[in-house]
Amino acid sequence: MSSIGQGYDLSASQFSPDGKVFQVEYAQKAVENSGTILALRGSDGVVFAVEKFVQSKLHRQEANSVTRLFSIDEHIGAAVAGILTDSLALVEYARDDAAEYREDHGIPVPLRVLANRVADYAHAHTLYSAIRPFGVNMILASVEAGIGPQIFMIEPSGVVYGYRGVAAGKAKQTAHTEIEKLKLGDMTCDDLIKEASRIIYVCHDETKDKPFELEMSWVRAEEQKHLRLPDNKLKEADAHGKQALEEQDSDSD
Amino acid sequence: RRVHGGAVVGVCYDQGVLLAADTVGSFGSLAKLKHVSRVHKINDMVAVGFSGDLADGDCLLNELQNMVIDDSVLDDGTELSPRAVFCWLTRVLHHRRNKLDPFYNQFIVAGFDKKANKPFMGCVNLLGYSWEESIIATGMGLHFALPYMRSQQEAKSGVPFTFEEAQTVLTKSMACLYARDCRGWPQYQVVKVDGAGVVKSDVQYSRVAFKESADYIEGRNS
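As given, the protein sequences belong to chains W and D, one line each in that order.
Each residue of the first sequence is one higher than the one before, starting from 18 at the first, in our numbering.
Each residue of the second sequence is one higher than the one before, starting from 59 at the first, in our numbering.
No lab work stands behind these hints: they were computed from the structure.
It is possible that part of the hints are untrue.
Distance condition first, Cα-Cα at most 27 Å in a straight line; then the derived DSS-like pairs of lysine-lysine [unchecked claim]: (1) W:K242 with W:K74; (2) W:K242 with D:K92; (3) D:K92 with D:K230; (4) W:K242 with D:K176; (5) D:K176 with D:K99; (6) D:K99 with W:K242; (7) W:K74 with W:K250; (8) W:K200 with W:K227; (9) D:K176 with D:K230.
Just chain D, with the same shape it has in the complex (with noise of 0.2 Å):
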């Protein structure tokens, strides 16, 4: 039993990504610590957010971090780009996984590419399998948050979310996901990646109201 992190969830619009992740570390079925940050800045262009071992995703974490510095000191106007840093992490899983030593992850990376003037997201999981769509939900949110941001995308026949419409099918999602998931929690972070850079919110909260259960729960105001 290890300390690890639950669902990411990445919704791509027309300008940019949203990605959003709760902030608890469970260790089993306690919620050990309750401020973990999964998702993270990588620099204006990319930011990632990780589920699983969180040990794990810190270590490559900090590896993409050591690169982001390398890259400002040597001072000669590149930087890694979205699909640098998902090729990295491909490339790493994959060679881990060979080895049947994986780092046990799954990785969203979203950023905007500005040679094509779009945003981009990608997922690569502890098998070293990667791909790029423009939802994706690692961990419980596969089966929770999936389906619907399917059938949300779905409506929309083609045409790419607004901000707004990317906005609501991820707190949603979120809040669906503290609804169902065991191991859920109601607070988590949010990062936003456009082409103006990377930007991580504050602290969130999902509401739930738990209408079919009202009738049992028995407290102050009964």
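Chain W with its partners taken away, still in its complex shape (with noise of 0.2 Å):
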């Protein structure tokens, strides 16, 4: 990206004479710095995967202490990428709101109306020289009676789409030339967990990243909660991913 922004990138309370909001530009360069994530929406749920990048060979996985993959309410996950702890935050709002909905209204937090709240505060943090904006990107996915699977993803500028698929982070174009390869309609959760894992081992660059993790979560309508990978479920998928890779590196020789 080569233009500089010349004065008027010091506070997002101020556009550029060629209209653009240079933090909030910057913001999404830190998303862009980020491992990817990605989500699938099925006939039958939501599959989510994550590429961890293994900061230290000492952090303890199974405290789940370091990840990418949060539950919301217990039926809504989400998976962030940009700067871990701007994306703690938000998720820490997500949590305070969708609790406060349960409160007041009595039942949970319909996905639409989240996202929806969770985006307009990204958004307000663009209006103001005081505060930078969310170096995030936040895909939120829920199944709901009536409604079916849904896929969000909320942006640093605040804005926010429902998709059929998404990617965010380093490899998000490669992921999305892929994701569109896929009949997504006519898959269900346990053919997409196989898609999602070998669609981050492609798109992982080994020549300049570090090595990575799987992590990997699913929403579907049977338990209509958000739920990490049973064990044998990420083997499975890891598996696939690991030998899709092998196939195509082999393809290439």
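Could you fit the two chains together into a complex? Lean on the hints.
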């Protein structure tokens, strides 16, 4: 990206002469530096996959202490790309908001309501010089009775769109190309976990990036809850991804 | 006058705990609400039952349910233990007692302590006073159920009830409460807590035969 701020990039309260808010653009850059995340909407639910870079071999995995997958309420899952601490703050806001909705309305918050409220919150951080935007892309997903599975993604600018499949982070272009090839509507979550894993493995750049671990979760019509993949399913998906990568490598030899 | 619930009865057995409460919400002497749930699963280790003011009881139950959701969303492998729920209720109730604005309830907390691998049952009242026991009855149950439960327990000489014995004690206590408590109701629910989890039964009914007064009753068969 060659355009320089030239003095219009010092705060989010300023437009540049060509109509950009540079702080927001820079926040988007922060997301582009992060590991890839993706979500796929199938016939019976939504699958999340995360390319989680292993920062240190000393991390304790079983405490889920290093994770980019979160539950907002029992029925809503979130995957985040970007600055991790910004993500944690946004996740906390989403959780509080969902809990408040549940208290006030007596029902779990509908996904589109939560997505819009979190997006408004993110947008609010693009209006003032005293605070900076969130350097986070947050993908939210749920399965709701009468509506079915849904995915929404919130960007640092505060826009939120619904998707059938979406990716964010380093390899989002490659991932989107792969996602577009899939007939998502015909696939179940059991199919999608394999595809999601394959796409993460294929998008991972071995030469430039740190080694990664595959993190996955799903929200299915069956449980109507956001859950991490059971161990056997994760192993299955992981193996599929590794195999697909080997096949691709051997093809290109 | 506010809507209130009757007795809650709890019996520990060797592998777990049984809690029962009838499903009526009384408005003084009026049986106003017939399908009130006064025993509830909190999570896989804990159940609670409450008697007294139903609005206050529901308020605290709602708080507990929100705490459970917070736990599950955090996804760190921990959940509220029976003692944690027991302690929390005691502290909240005692705090309100100190402000002379009590939650007008008596709670029974029933759970399975996974660390100790033992059943747990405790009672907290509106004063914020709490105690642990293997047999508990709140409200009118203190007078009608507890003496019977005590005699059954003493007959066991320190050996815990088996599941079947606990069920019998519970069923008879609930039947006695329906027969003797003016605000009693024959329909009740039972929650079972053991190492495998918490199971809430479908509604059950007390069967009471009023043998002594049969002669005085004129009806279709007389």
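Okay, the hints, checked on the actual structure:
A hinted pair counts as satisfied when its Cα atoms are at most 27 Å apart, and K242 of chain W with K74 of chain W does not qualify at roughly 31 Å. For the given pair, K242 of chain W sits about 32 Å from K92 of chain D by alpha-carbon distance, which is inconsistent with the 27 Å threshold. The suggested pairing of K92 of chain D with K230 of chain D holds, with an alpha-carbon distance near 21 Å, which does not exceed 27 Å. Of the supplied pair hints, the one linking K242 of chain W and K176 of chain D is violated, its CA atoms being roughly 30 Å apart against a limit of 27 Å.
Between K176 of chain D and K99 of chain D the CA atoms are separated by roughly 18 Å; this keeps the pair inside 27 Å, and the hint holds. With a C-alpha separation of about 18 Å, the suggested pair K99 of chain D and K242 of chain W falls inside the 27 Å cut-off, and the hint holds. A hinted pair counts as satisfied when its Cα atoms are at most 27 Å apart, and K74 of chain W with K250 of chain W qualifies at roughly 24 Å. For the suggested pair K200 of chain W and K227 of chain W, the alpha carbons sit about 31 Å apart, so the restraint of at most 27 Å is broken.
For the proposed pair K176 of chain D and K230 of chain D, the alpha carbon gap of about 25 Å is at most 27 Å, so the pair holds.
Taken one by one, the earlier hints fail for this structure at numbers 1, 2, 4, 8, listed in ascending order.
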